[in-house]
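Could you build the full structure based on these sequences and the hints that come with them?
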Amino acid sequence: MNNPLRDPQDRRLPRIAGPCGLVIFGVTGDLARKKLMPAVYDLANRGLLPPGFALVGFARRDWANQDFAKIVHDAVAEHARTPFREEVWRQLSEGFRFVPGDFADDVAFDRLRQTIEDLDKERGTGGNHAFYLSIPPRFFPDVVGQLKEHSLAAHDDSWRRVVVEKPFGSDLQTARELNTVVSEVFPAESVFRIDHYLGKETVQNILAMRFANALFEPIWNTHYVDHVQITMAEDIGIGGRAGYYDAIGAARDVIQNHLLQLMALIAMEEPISFDARSLRIEKQKVLEGVRLPRRLDLHTARGQYAEGWSGGVKVPGYTAEEDIPADSRTETFAAIKLEIGSARWAGVPFYLRAGKRLGRRVTEVAVVFKRAPHLPFNETVTEALGENALVIRVQPDEGVTVRFGSKVPGTAMEIRDVSMDFAYGGSFVESSPEAYERLILDVLLGDPPLFPQHEEVELSWQILDPIIEHWAKKGSPEPYPSGTWGPASADAMLARDGRAWRRP
Amino acid sequence: MSTELTDTNSAAIAAELLTARRKAGSPAMGMVLTLIVDTDEEGSEEALGAARAASTEHPARVLGVIRGRATGTSRVDAEINIGHHAPGESILIRLTGEVTRHAESVVLPLLLPDSPVVIWWPRRAPDDPAADPLGALAQRRITDCASVPRGRQAALEQQCAVFSKGNTDLAWTRLTGWRALLAASLDEYDTKVTAAEITAERVSPSAELLRGWLTDRLRVPMQRKVSRGPGITSVQLGTRAGDITIARPDGRLAMLSSPEQPDRPVALKRRPVAELLAEELRRLDNDDIYEDTVQRLCKLDALVAKGQRP
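Protein chains in written order, with our numbering: chain A, 1 to 504; chain B, 1 to 310.
There could be a bad hint or two in this list.
[To be verified] Sample of chain A residues lacking proximity to chain B, with all beta carbon distances greater than 12 Å (derived):
1) 45
2) 64
3) 70
4) 88
5) 314
6) 368
7) 413
[Claimed, not checked] List time: in silico DSBU-like cross-link candidates among lysine-lysine, alpha-carbon distance up to 35 Å:
8) A/285 / A/70
9) A/166 / A/474
10) A/121 / B/165
11) A/121 / A/285
12) B/225 / B/165
13) A/121 / A/148
14) A/407 / A/285
15) A/121 / A/70
16) B/225 / B/299
17) A/121 / B/269
18) A/148 / A/70
19) A/34 / A/148
20) A/407 / B/23
21) B/225 / A/121
22) A/407 / A/166
23) B/23 / A/70
24) B/225 / A/34
25) A/474 / A/314
Read the hints as simulated data drawn from the structure, not as lab findings.
Only a predicted model underlies this, so the values are computations on that prediction, with no experimental measurement involved.
We treat Cβ as the ideally placed atom computed from N, Cα and C, and that holds for glycine.
Structure representation (C-alpha cells):
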C-alpha cells in the first residue's frame, strides 16, 4: 500500500532514511572523527535521519558508551558544518553504542551482534544496518569474514550494507582480490564504494550542466574541443600519512579514482536516465574506450617534491618527511595523457595531473576549445587572445568559469581573453552539504548512483597499471621544488603536443 | 557599503547600485532572484534582516518597500546596502505621498532581468496578494498568517479563499518538519489510517493547514484539541496496528511513539523566519500540495458554515 502522506509533487518533504543504524569500524581514525561523525550529526540536524537512528563504534579501545559519546561530541563540536543544537544531540546520543575489540576477536563480534539486536529492540532500527569499513584494506578480509561468521552480513526482512573507502586495491590484481573478499559475503548491490568526489555538489553539477542545457552539448565533441585538462592540486605535503602514501603515490591515490571518475563524467554520452545502472553503463563505456599513448615515456610525467618555499613557508622535501625512506621512488606528482576511442572524442587528448605541494589547492576540469577557424582580424589584434575555455572548479571555490575573447576598450581594435564567472556559493548555498552527508544518506536510503561499481574500479586499474609498471622501470621521479606547478617533464609533455598547462 | 539617496527615483537607485558594484570590483554578482519585502517601518529592520539571512542561501536583490503616510508631496528615499557580510544587495525604499499608491512603478525598474521575483509580506498581507499591484509583479507570493497582529484565523480564511497559483504562507512552511516526520513514520506501516487528532494552541494557522493536509491525504475524521502551545503540541494518527503519536510539548524536542516500537526522541524545532524564507525560495513554482490543502480547508469550512459535519 502506498503511503497516503507521500506524493511525488510534494517536494518539500525530504528523503528520510527508514529505521536503521550505522556501524563504524576504525572509529578512532581521522576520517571517522573529521568527516563521518560530523556528517551524521549534520544529517540529523537537517532532519534526514530516522528517529531511533543508531551509531555503533567498533575499535580496540577500552571505552564505555559514554566515552564514545564524548568522542563523537567533540568531533561534532569541532567539525560539524551546522550549528550544535541540544535537541538534535539528544535525539542522536541515545543511539550511541561502543563495542571494544579486535578484528580477530570472536567475543567482540558476538558482542556487536548482541548490541545490534538490542538496538533493534530499544531503538527500533528494524534490523537495518550499514557497516562502514573506515580501516586499512588489509583488515577487510578479517572484518568481512567476521561479519559473515557471526551472521551479521544478512538478516531476514531487512538490509545489511557494507561501505568501503578508497583505495580499492593498489592494482588490478589486488582490486580483484579485494572484491572477491567483499563479494563473497555481500551481494554487489549491498556494497557501497565511497569516492567522496562523486558526492560533491559541483561534480553532480557536471551532469546538470551538460544535460540540462542546450548551450554546451552541441560543442562537447572533437569538432570544437581541442583538449581537456583535469587537475587535482594540493598545496600540502603528505602530512602524517607517510605509511599509507609511500606505498601508493599520486597516481594510485587520486588519478585511479577521482580523476578518472571526473573524466568519465565529462566524457560520457547522455545516459537514458539518472539511475545507477544507466550512469554506470555510460561511465563504463568511456573507461573501456580509453587508449593509452604508445610512447608512455613521452606522454606521462611524474615528480617528487623537493625542499622549497610553499606560500611563504619553508617546507622539507618528500624524502625528508618523517618515516619516508631517503631513497623513496614514490611519485608525489603524476601527469598522464589519455585518449578516448569514440566518435565524439577521437583526437581529443585528456590530460590528467595530480600532485602534492603544488602552487595552490585546486581541483578543476578545463575544457579547452579550438580557436575560431578564421579570424577576420590581423594578427597583432588577436595576439593576446587564447583559446576559449570552460572551467568547472570542483574545489575549493566551486563554480564555473567561461573564458572568451573581448575587445579591449579604447580606440584601436585589440582582443584579449576575459573570464565570466559563476560562483556556486554566490548563486546558491552558502555552505553546501558535505560530500559525506550526501553519500552516507544515499547508503542508508540504498540509492547507488553515486557509487562506483567494481567493474569501473577494475577498468580504472587497467588504464593505470601499464603506466605504473612503465614508471617502475624508470628509476626515480624528477624532483620539483615545493610550491611550484610540478616538474619540467610535465611541461615538456604538453609542449610536445603544442599545448601548455593552464595555471589553475 | 551603505549609501542614502534622498528624494530620488528608480533610475538613480539603479545607477547607484551599478556604481557600488563597480567599486566593489565585481560587476557580476550571481544573484538568482529579486525578493520584494512589503513591510512597515516598525517591522522593517527585522524583516530585512531575515531576508538578508535567507540571501546567504539564495543571493538576491532584496527590495524593502515601506509605504508611509499617503498625504503630502510625493517622495522616494532609498538606503542601499551592498556587502555587509552577505551576498546580494539590499535596498530599503521609503515612499510618502501620492507615490505610496504607485509603489510598483518604483519597484518595476529595479527587478533583476530575466529571473524570478518573490514578494513577502512579513506581517499584514493584502486581501488578495495576486491582485495587489506589487504582488502582481511576483511569481511567488509569501504571506504569513501567523504573524499578523490581530485575527490570525480570519487572515488564514481570507488567504485560503483568494488562493491563486504561486501563493504560499509561512504557516505552511512551518509544517514541513511535522509533515516529513508524519510521512516517514507512516512509511513503516502497511496499514490504513482510520483517524487523526491534532493538538495545538487555540488559534494556530499551521494547525489548521495541517488539518487540511491530513484530511486531504487521508480522508478520515479529524479531531482538533486545544493545548497551551507553543504551536502544535501533538499529532496522532490512529491505524489498525495502533496509534502513531508525535508529541512536542516544548517546541523543540518531540517524542515519537508508534505501535510495537520503542519511544524515540526526535528534534523538531520551531524554525526562525530566515530559515522558513530560505525554504520558500528553494522552489519557485506553484506548490501543488499547498493548493490542494487550502482548497480542502475551504471546503471543510464551507461545510461547517452550513452546519453540516465535515
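Check your understanding: Taking only the CA atoms, is the gap from residue 285 of chain A to residue 70 of chain A under or equal to 35 Å?
Key -> Status violated; Cα separation ~47 Å.
**Study point:** Restraint check for residue 34 of chain A with residue 148 of chain A, where alpha carbons must lie at most 35 Å apart
**Key:** holds, 29 Å
Practice item. Please work out if residue 148 of chain A and residue 70 of chain A have their alpha carbons no farther apart than 35 Å. Key: holds, 30 Å
Check your understanding: Taking C-beta pairs only, is residue 314 of chain A more than 12 Å away from all of chain B?
Key -> Check passes; 33 Å lies beyond 12 Å.
Check your understanding: Does residue 225 of chain B pair with residue 299 of chain B here, judged by a C-alpha cut-off of 35 Å?
Key -> holds, 20 Å
Check your understanding: Within a Cα-Cα threshold of 35 Å, do residue 225 of chain B and residue 165 of chain B meet the stated pairing?
Key -> holds, 31 Å
Check your understanding: Was residue 368 of chain A rightly flagged as not at the interface, with every chain B Cβ beyond 12 Å?
Key -> Holds, since 22 Å exceeds 12 Å.
Check your understanding: Would the pair residue 121 of chain A and residue 148 of chain A pass a check requiring their Cα atoms to be no farther apart than 35 Å?
Key -> Judged against 35 Å, a Cα distance of about 22 Å means the pair holds.
Practice item. Quickly compare the C-alpha distance for residue 166 of chain A and residue 474 of chain A to 35 Å and report which way the hint goes. Key: Distance ~27 Å between residue 166 of chain A and residue 474 of chain A Cα, so the pair holds.
Review point. Can we trust that residue 413 of chain A is non-interface, i.e. its beta-carbon lies farther than 12 Å from all of chain B?
Key: Check passes; 23 Å lies beyond 12 Å.
Review point. Taking the minimum C-beta separation from residue 88 of chain A to chain B, is that value above 12 Å?
Key: violated, 4 Å
Check your understanding: Is the Cα-Cα distance between residue 121 of chain A and residue 269 of chain B 35 Å or less?
Key -> holds, 27 Å
Checked against the numbered hints given earlier, this structure breaks hints 1, 4, 8, 10, 11, 14, 22, 23 and 24; the rest are met.
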